[in-house]
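So the protein sequences, as listed, match chains A and B. As numbered in the working numbering, residues 1 to 150 make up the first sequence, in order. As numbered in the working numbering, residues 151 to 292 make up the second sequence, in order.
The set of hints was computed from the structure by calculation and includes no laboratory data. Note that the coordinates shown come from a computational prediction; the quantities given were computed from them, not determined experimentally. Even glycine gets a Cβ: it sits at the ideal position worked out from N, Cα and C. Accuracy of the hints is not assured; some may be wrong.
[Stated by the list, open to error] Between beta-carbon pairs, the in silico distance windows are: (1) B:211 with A:134: 43 to 53 Å; (2) A:69 with B:186: 38 to 48 Å; (3) A:75 with B:226: 25 to 35 Å; (4) B:282 with A:121: 31 to 41 Å.
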Amino acid sequence: MGRTAAAAVFIAPGPPGGWWGTHAAWRLGRGPGRQLVGLQEVLWPGRRARMWPMPKREQLHAEIDALSEDQLAAARVVVESSQNNGSDPSANNGSDPSAGRARPYLGLSDAERAAQQESMRELEEELIAEGATLGRYLPELERRAATWPE
Amino acid sequence: MLDSGGVTALATSKDLLTDYLNMLKRRFDGSILIPIAVVTEFRTGDPRKDVAVDRFINAMRRRQVRVYVPLTLEIAERAGVLRTQARASGHPDISVTDAHIVATADDLANHSAVTILTGDPEHMKVLVELTHRTNIAVDVPG
């Protein structure tokens, strides 16, 4: 008796329509598990479910003449921003809250640059006086510096 | 512009630094700058390691000339955008500091050409390409 009951459990079928239908039916509102059809299938039987309504052809084309100046300006900003692709911090698709504002130059002024160059000359002379060898790396540096932007 | 690899290489090799200073003096009318975020990478607190870097930087700062480029909100935001784009393009190991350096170069490149001397040229090149700047170069110090 006990052996018969165990066998019955082993061969018991799954839900109506089989195991495969349950998950697919729950996700898509379709499939053999009719007891699990979704709202889509109930409201529009046989209609293919989709994620969002597709625009009609006429909705994809805007008549330029029908647009106001404000709409044209907004469209121009969007196009320029997408073409810019973030290369300009002042127009990188809203990631820069200071877009359009003038920002200070963070480099050195002409006077500061001249003063630093004077310091560099002094340091070079000090290094040579301390025994540094001039010219060991120079050919390679010259070759690579020729590719630097100016 | 120097990252930590550039700072360390120039500070620890007198011959290399001498040749760089000589070459810059003859070929370029520019300046040496260090993004402030880089300080975190080269400052150790160990005097034996810091002394060479300090001498180099203090020499640049004579006459009260600043050598550090401050990290502004705009640069930090730009760095975040660049780093996110780099990670999305298959470079998940781009560091925050690398992004700060390139964002700083991007800001400076509005006014002048920039060359980044770095010990990690591959990551820098990825970030520089994302800026679409043609006046930013990446080179190794030695």
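Now the hints, each set against the structure:
1. B:211 with A:134: 43 to 53 Å: Because 24 Å falls outside the window, the suggested range is violated.
2. A:69 with B:186: 38 to 48 Å: Holds - the Cβ-Cβ distance for residue 69 of chain A and residue 186 of chain B, about 44 Å, lies within 38 to 48 Å.
3. A:75 with B:226: 25 to 35 Å: holds, 31 Å
4. B:282 with A:121: 31 to 41 Å: holds, 36 Å
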